[in-house]
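Enquirer: Let the sequences and hints guide you as you build the complete structure.
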Amino acid sequence: MKFFGKTKIDFIGKRRIAFAISLVIILAGIVSLVINKGPKYSIDFTGGVAMELDLTPVKDGAQMVKVQDIRDALTNAGIQDAEIQEIKGSEGKQFILIKTQIMGGMKDKTSTKVIEIIKKEFPDNVNPETLIRLQEEVGPKIGEELKGKAILAIFWALLGIILYIWWRFEFTFGLTAVAALFHDILITIGIFSILGIEISLSIVAALLTIVGYSLNDTIVVFDRIREDLKLYRKEPYGSVINHSINETLSRTIITSLTTFVVVLSLYLFGGSVIHDFAFAILVGVIVGTYSSIFVASPLMVEHFNKREKKLGTRSKKR
Amino acid sequence: MRNRKIRGLVILVVLLVTAYYFLPMVVPNLPSFWTTKRLILGLDLQGGTQIQLEVDTSILPEDEKEDAIKTAYEIIRNRIDQFGVAEPLIQRVANENRIIIQLPGLKDPSRAKDLIGQTAMLEFKFLASSEQMQETYETMDKFLQENIQNYEFLEEFTDVEETEEVIDVLETEEDIEDESYDNAMIFTDLTTSKDGNPLKIDYKHIAKLKNLLKDPQFLQNIPTGLQIALGKSDKNDPYSARDIYILHKKVEIDGKSLENAITRVGQGYTAKDKGPYILLEFKKSGAKKFKNITGQNIGERLAIMLDNIVFIAPTIESRIPDGQARITGNFTIEECHDLVIMLNAGSLPAPVNIIEERTVGPTLGSDSIKAGILAAIIGMAIVILFMMIYYGLSGLFADIALVVNVAFIIAVMTMLEGTLTMPGIAGMILTIGMAVDANVIIFERIRENIRAGKTIRSAVDSGFNRAMVTILDANITTLITALVLYQFGTGPIKGFAVTLSIGIVGSMFASIVLVKAIFDGLITNSAKDKLSI
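In order, the protein sequences belong to chains L and D.
Following the numbering used here, the numbering of the first sequence begins with 1 at its first residue and continues without gaps.
Following the numbering used here, the numbering of the second sequence begins with 1 at its first residue and continues without gaps.
It cannot be assumed that every hint is accurate.
What the hints assert, rightly or not - In silico BS3-like links for lysine-lysine, alpha-carbon gap of 30 Å or less:
hint : chain 1 : residue 1 : chain 2 : residue 2
1    : D       : Lys-235   : D       : Lys-200
2    : D       : Lys-370   : L       : Lys-99
3    : D       : Lys-194   : D       : Lys-235
4    : D       : Lys-284   : D       : Lys-232
5    : D       : Lys-210   : L       : Lys-119
6    : D       : Lys-208   : L       : Lys-141
7    : L       : Lys-113   : D       : Lys-232
8    : L       : Lys-113   : D       : Lys-204
9    : D       : Lys-204   : L       : Lys-119
Note that these hints are calculated values from the structure, not bench results.
Expert: If you want it as C-alpha cells, here you go:
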C-alpha cells in the first residue's frame with residue numbers, strides 16, 4: 001500500500017506563507033502570555049497544595065457534593081481563594097480537585113486541614129479508605145529549585161543538540177534545528193496559555209520530549225538535504241531542499257501518524273494523571289512535524305541563499 | 001558469513017535475556033530457576049506517600065551539621081520502622097541536608113507527617129506563678145499597644161469596648177484604674193476564648209499567636225526567664241480552643257533522662273483515669289532528679305512539654321520516688337502510640353521541616369495502571385495493523401521488532417530494578433509510536449531503491465546501510481534529551497527518561513539488527529525477486 005508516490009509539492013516556494021502562519025500562532029501565544037502575565041505554573045513550581053478527593057456518596061440517600069458548598073466550608077475555616085473543580089470520573093463517582101496556597105508554613109499542614117474540614121462537613125460522602133486520591137503539598141523552596149532545574153535542563157538539552165548536530169552536520173544546521181525547536185516550544189507554551197493549562201513538572205518533560213521528537217523529524221530531513229546537496233551540485237539550493245523534503249515526506253507523514261495515534265490513545269484512554277502530558281505531546285507531534293517541513297528546512301534555504309549572495313557559488317533563482 | 005553467526009548469537013542472547021526477565025510479568029507459574037525479580041511499581045501506580053524533609057542545621061555549629069543530619073536520618077528511620085509500613089524507603093539526598101521517605105500503601109499521610117516532622121523534644125518545666133503571669137500579660141498588652149503598627153493582623157483586638165468584659169473575667173479589677181488599662185488589651189484579648197475563658201485561645205486565632213511567637217521583637221519583650229506556650233490540640237475536636245501557658249524557660253528534666261515510654265489504657269471511671277495515657281520511666285539519674293524536684297516543689301504545677309507544646313501541667317501533690325510519670329489527656333490511642341514511638345526513638349538533633357509531600361491513593365494508582373495498559377494496547381494494536389497493511393510482510397517484521405522492543409523495555413527495567421511510573425508508561429507508549437520510525441525510514445529507502453530499479457538484494461542492503469546513518473543521528477539526539485531529563489528529573493520524570501532511553505536503544509537494536517536478520521534469512525532462503533514492502 002502507498003499513500004504517496006513521488007510527490008513534487010513546492011514547499012520551499014510557499015515558505016513565506018508558512019512563516020506567516022507560524023508567526024501569527026506564536027504572536028497569539030505571546031499575546032496570551034502577556035495578558036496572563038506569563039505561563040500558568042502548577043504547584044510543582046509555585047509551591048502550594050493540590051488534591052483530588054473521592055466524594056462519591058457513601059451513605060444511602062446522600063447527594064453529590066456541590067462545589068459551592070465545598071468552597072463555603074473551606075472559606076469558613078479560613079482557607080480562602082481555593083480553586084475547586086469537579087473532574088470527570090467513572091460513572092456515578094464524584095472526584096473533586098482542590099488547589100490552594102499553603103496557609104502559614106508547611107508546618108501548619110494545609111492539606112491535612114482541608115481534609116479534616118471535608119471529613120467534618122461532608123461525612124456522607126467520605127469513605128476514609130478511598131477519600132484521598134491525590135494529595136500534594138509542595139513548599140515554595142522546592143518550587144523555586146525545580147524552576148531553576150527545569151530551565152537548566154532545557155538549556156543543557158539544547159546545547160547538547162547544537163553540539164551534536166554541529167559535529168555531524170554543520171553549525172548552521174544545528175542553529176536552524178534549535179530555532180525550529182524554539183518555534184515548537186513557543187507554540188506549545190502559547191497554546192497552553194491560551195487554553196489555560198498549567199505548566200507542571202511533567203509538562204516540562206513533555207516539552208523536552210517534543211524537543212526530542214521534533215528534532216528526530218528534522219534530522220531525517222536534514223540528513224537527506226546533506227545527501228542531496230552532494231548529489232545535485234548544479235541545482236539551486238531551494239529546489240534541492242524541496243526535493244529532499246518530498247523524498248522524506250512519506251516517512252515524515254507515516255511516523256507522525258503512528259506517533260500521533262499512540263499519543264492520541266494515551267490522551268483518550270490514559271487517565272487523568274497523564275491527560276495534560278499527552279495533550280502537550282499531541283500538540284508537539286503536529287507542530288514538530290510541521291516545523292521540520294515548513295520551518296527548519298526553509299530556514300536552511302534562507303541561510304544558503306544568503307551565503308550565496310556573499311560567495312556566489314551555485315546558480316540562483318528561488 | 002562469520003559476521004552473520006555473531007549477529008545470530010547476539011540476537012539469541014538478547015532474546016533469551018528479554019524472555020528471562022519479561023515472562024514473569026505475563027506467565028504466573030514459572031519453574032523455580034526463573035528470576036524472582038519483578039517490575040517495581042512507583043508510588044504513583046501502587047499508591048503511597050513520598051515526603052521530602054529538610055534538616056534545619058542553620059542553628060548548629062559547622063562541625064556538628066553533618067552529624068546532626070546523620071542522627072536525624074537514623075532517628076527518622078527508627079520511627080518509621082516502628083510505625084509499621086511495609087517496605088518503606090528512606091534515603092538521604094547525597095551531599096544535602098535532605099531526606100526522602102517513601103511509604104508505599106499509605107492511605108492517609110497525616111499521621112506519618114506528625115510522626116516524622118516532630119523533633120520530639122521532651123521537657124519538664126515549671127509554670128510561672130500568678131504574679132509572674134500577670135506581669136507577663138501586662139507587659140505584652142502594653143508592648144502590643146505601643147507597637148500595633150507592626151502587628152496589623154491583630155487590629156481586630158484594638159477595640160476597647162470589648163476589653164472591659166475580659167477584665168472582669170480576669171478578676172483584675174484593682175488594676176482597672178491603672179492608666180494603661182484605658183487602652184485595649186490586645187494580648188489578653190487574643191488569648192481569651194469567645195466564651196470568655198482566659199488563658200484559652202480560639203482555633204481561628206491560633207495562627208496569629210504562632211506568628212507572634214515567631215517574632216523576635218515580641219519574644220524579647222517577654223519578662224526575663226519566662227516563655228509563652230500553647231497547649232495540646234484535641235484530636236477528637238481539632239477546632240476547639242487551646243490552652244495558653246506562661247512558664248519558666250528553665251528545663252528541669254529533658255528527654256535524655258528518659259529510659260522508656262509505654263502506652264497504657266486507664267480503666268478508671270473519672271475522666272482523668274480513663275482512656276489511653278503515656279507512662280514515662282526515667283533512668284536512674286533521671287529518677288533521682290525527678291524525686292528531688294517533685295519533693296521540693298509540692299503544690300507547684302509542672303508542665304510536660306513535647307516540641308514546645310504543653311501536653312499536661314499537673315500540680316505536684318507529693319514526692320514521686322519511683323521515677324515514673326504519666327502524661328494523660330484527651331489522647332486517642334493512635335496519638336499515644338505515635339508519641340511513644342517518638343519518645344523512644346529519641347529527639348531529633350535539629351528541627352526537621354517537610355518541604356514536599358505527595359500522596360497517591362490506591363484507587364488513583366490502580367486507575368492509572370488500568371488506563372495506561374488500555375492506552376498501550378489500543379495504540380499498539382493500531383500501529384501493528386497499520387504497519388501490516390501499509391508494508392505487507394515487511395510491516396509484519398517491523399511489528400515483531402515492535403513487540404520485542406516493548407518486552408525488552410520491561411525486561412531491562414526489571415533487570416535493573418528500575419521503578420515503573422505513570423510517566424514511564426507514557427514513555428513506553430511514546431516509544432511504541434516512535435519505534436517503528438526506524439523501520440519506516442528503512443522501508444521507504446528500500447522502496448525508493450526498488451523504484452530506481454535495483455535488485456531486491458541490493459535494494460535491501462543499501463536501504464539498510466543508508467538509513468542507518470539517519471537513524472543513528474536522529475536517535476542520538478533524542479537520547480541526549482532523554483539523558484538530560486534523567487539528570488534533572490525527580491522521581492516520575494526520571495522514570496519517563498529511563499523507559500524512553502531503553503526504548504530508543506531497544507528500538508535501534510530491534511529495527512536494525514533483528515529486522516535485517518529476518519530480511520537476510522528471507523532473501524537467501526527463497527532467492528526471491530519480489531518483496532512484500
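Enquirer: For each hint, tell me whether it holds in the structure or not.
Expert: Hints and how they fare:
no. : hint                  : verdict
1   : D:Lys-235 / D:Lys-200 : holds, 17 Å
2   : D:Lys-370 / L:Lys-99  : holds, 26 Å
3   : D:Lys-194 / D:Lys-235 : holds, 20 Å
4   : D:Lys-284 / D:Lys-232 : holds, 29 Å
5   : D:Lys-210 / L:Lys-119 : holds, 25 Å
6   : D:Lys-208 / L:Lys-141 : holds, 23 Å
7   : L:Lys-113 / D:Lys-232 : holds, 16 Å
8   : L:Lys-113 / D:Lys-204 : holds, 13 Å
9   : D:Lys-204 / L:Lys-119 : holds, 18 Å
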